[in-house]
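Protein chains: 2
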Amino acid sequence: MATIVQKFGGTSVANAEKIRRAAGRAMKAAQSGKHVVVVASARGQQTDELIADAKELNSNPPKREMDMLLSTGEQQTVSLFAMALDAMGQKAISFTGAQVGMRTDDSFTRARIQSIDAQRIRQWLGEGYIVVVAGFQGVDEKGNITTLGRGGSDTSAVALAAALDADECEIYTDVDGVYSTDPRKFPRAVKLDRISYDEILELASLGAGVMHSRSIEFGKKYDVPIHVRSSMNDNPGTWITHEVPQMEGILVSGATIQKDLAKIGLVNVDNRPGNAAKVFAHLADAKIIINDIIQTEVSKEKANLSFTLAKGDLRDALQALEGVKKEVGCDSVFVRDDIAEVSVVGVGMRSHYGVATTLFRAMANARINIDSITTSEIRISCIVDLADGDKALTAVCEAFELDKPADKRHR
Amino acid sequence: MATIVQKFGGTSVANAEKIRRAAGRAMKAAQSGKHVVVVASARGQQTDELIADAKELNSNPPKREMDMLLSTGEQQTVSLFAMALDAMGQKAISFTGAQVGMRTDDSFTRARIQSIDAQRIRQWLGEGYIVVVAGFQGVDEKGNITTLGRGGSDTSAVALAAALDADECEIYTDVDGVYSTDPRKFPRAVKLDRISYDEILELASLGAGVMHSRSIEFGKKYDVPIHVRSSMNDNPGTWITHEVPQMEGILVSGATIQKDLAKIGLVNVDNRPGNAAKVFAHLADAKIIINDIIQTEVSKEKANLSFTLAKGDLRDALQALEGVKKEVGCDSVFVRDDIAEVSVVGVGMRSHYGVATTLFRAMANARINIDSITTSEIRISCIVDLADGDKALTAVCEAFELDKPADKRHR
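If you read the protein sequences in the order shown, they are chains A and B. Each residue of the first sequence is one higher than the one before, counting from 4 in our numbering. Each residue of the second sequence is one higher than the one before, counting from 4 in our numbering.
Just chain A, same shape as in the assembly (with noise of 0.2 Å):
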């Protein structure tokens, strides 16, 4: 018998309607003969309402509190999830992350699941329940409550669907699915059937916030394929599954931009090994992501190093470098927070050649300047002016035909 999960997100249970609707969905899916396991997450803003009102008692609450409270948004939809259910005549029944086994570390607001009970939901599942596990949440090997951080119910559905041996995790949720790139960005994006773990995974770390990366990682790591889909409708929306044979024919999947970095150069730095170690672990004890590294040498003595960074991080990263500057010889720092970065992604890069071609060709005719590049096997990505940021999107879209199902671009 096929196992099923599917996701239901906050605006898809934000009220009564529409847990009734997505419960209905549900049950079609029990009806057509199918395991059927929901992961819910909590109604509509009401993690938030949960934050203010912590915030009004403890401006820095405790994050074991913090996760005793917002784990509660998730079990009352689950419960009121299972009510609709029974309502309809679906035998239904709901669970916490707790009582489903979902074990977690003890990193409060953050924590990383590291094994799952599925034992107890196959057991009811083999008695014609729907089972529906409240999201986002785990519980440490002291039964203290965890939260799993941004995207954890996401993160739930799909470690649950490969605890299950699922056949798909279903991802319901306000869009209709992922898009080449975003369509508020450039309107003729089109819908992707089918994209890999590996591009999405790109394109997630670039900001492009379809899923979050690690729900990805794990539907990547037990192969469970991911069907980000609308609750609105019917319509088939995007499979996220591993790499088959026919997307290394689609030189481009998808685009993005960031808007939020910034940029940092040491220039004149010695030429040592040894040296960029130095001024990363300098960044890292002051908890800053670094997005990419460019380092050029200048002479055998003498090499540019620089990276970007979030914008908000800027300060911090400055005041980081101050210790390590003269250690590592540099002569001076610039630094740009006028800058966007945009980036396409696509596993056919890995076997054809004239990307980066066709790429800054496109830039080239659109009369936008490249202040850097940074390629990985699978992505491409030029930082270019802020204000040239929406037309280097647009441009590079259009060179790779995104406005154009796959199976339709000239290659």
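Treat the hints as calculated values from the structure; they're not laboratory data. It is possible that some hints are incorrect.
Claimed, not checked - Straight-line C-alpha distance at most 25 Å; calculated SDA-like pairs for lysine to any residue:
{"id": "1", "chain 1": "B", "residue 1": "Lys281", "chain 2": "B", "residue 2": "Lys194"}
{"id": "2", "chain 1": "A", "residue 1": "Lys94", "chain 2": "B", "residue 2": "Phe111"}
{"id": "3", "chain 1": "A", "residue 1": "Lys145", "chain 2": "B", "residue 2": "Ser118"}
As the list claims (entries may be wrong) - Which chain A residues stay away from chain B? Per the calculated CB distances, all over 10 Å, these:
{"id": "4", "residue": "Arg28"}
{"id": "5", "residue": "Leu60"}
{"id": "6", "residue": "Glu304"}
All residues carry an ideal CB built from backbone N, CA and C; glycine is no exception.
Add chain B to chain A, keeping to what the hints say.
Okay, now just chain B, sitting in the frame of chain A:
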């Protein structure tokens, strides 16, 4: 080191300011050198709101799911309470009922406590923490969340006090303590300094809504001194304790009136062993709770059998009696739904004569006709016309001087 359990009801934690005030109280107790355990209810009207959410989805929600839903209210309060203590610099940790091993049976929505694992709480108390426990809830053998029903948080608090062998259990509420009668009905009613478990059990069963019977029964069984007091001031409230010698000097501790009663009389029932049992078995099958029973012989062959019950059960009771009327030879059934029951309660009755005389004289002086009388070891109740109810209560309160402190009365 002394241990104290402090229970704060929903009105005492209804908003951030009230939570802060309650937390201040707990902290003060901790600073005075006590181990402090706080038991808290759901904030304000939250339980009612959650019930409304449930009813919107299911007019008859499964009880297990109701418990799953409602238990979130207390969980939110305790985490917020712990945050408030943390903000004041006081170490604090919150727990759900399940986390402190509040084991119950599986009667969802009205579960009974079976055992408490006090070890975990003791350990945190030993490390200087205030332990904040969600009231009203427990966990069954299989890990399902249960709730204890009406007055559940009081029961949680007294049961925890018993399990921890606490020196006292403070019940913070929106009244100053237990009054000799309802001050809304007899404005000169006085607050009692002390009352015995047995007396308050009689009063509670008569509908005087200070604390639920189950929590008092726990207190009595495990000899937990209970201090009912106001969360708005520091005045001493009322101590509920085992009977102490001075209580015997007090004839009547309290008086109550119940107006939601009806009386059913079966006329000329065959005076044979087992007939009364048959009647009440039929009523029990219909899940009808009987208050007082009066049987009087009419002749050797015939008796009149009457009893009081909640007015709301009248219709079901009459229907249940249809099946048994003929069997017991009853001629006719009469009904009164225009009655009130006025009761006086006091352990002093056990050792004093004349209580009944005083009561009847008071009624006579007020020209109130007494329909019928029932008594227990520490209680006398009169059924009167509903229209005379309030006048009867006033007459009784004046006769037993319930407007004076116990030591200022004539006897």
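Hint check:
1. B:Lys281 with B:Lys194: violated, 44 Å
2. A:Lys94 with B:Phe111: Answer holds: Lys94 of chain A to Phe111 of chain B is near 17 Å, not above 25 Å.
3. A:Lys145 with B:Ser118: Within the cut-off at roughly 20 Å; holds.
4. Arg28: The claim stands: Arg28 of chain A keeps its Cβ more than 10 Å from every Cβ of chain B (closest is about 15 Å).
5. Leu60: Contrary to the label, Leu60 of chain A does not stay out of reach of chain B, its closest Cβ about 5 Å off (not over 10 Å).
6. Glu304: holds, 54 Å
Violation of the numbered hints given earlier is confined to hints 1 and 5; the remaining hints are satisfied by the structure.
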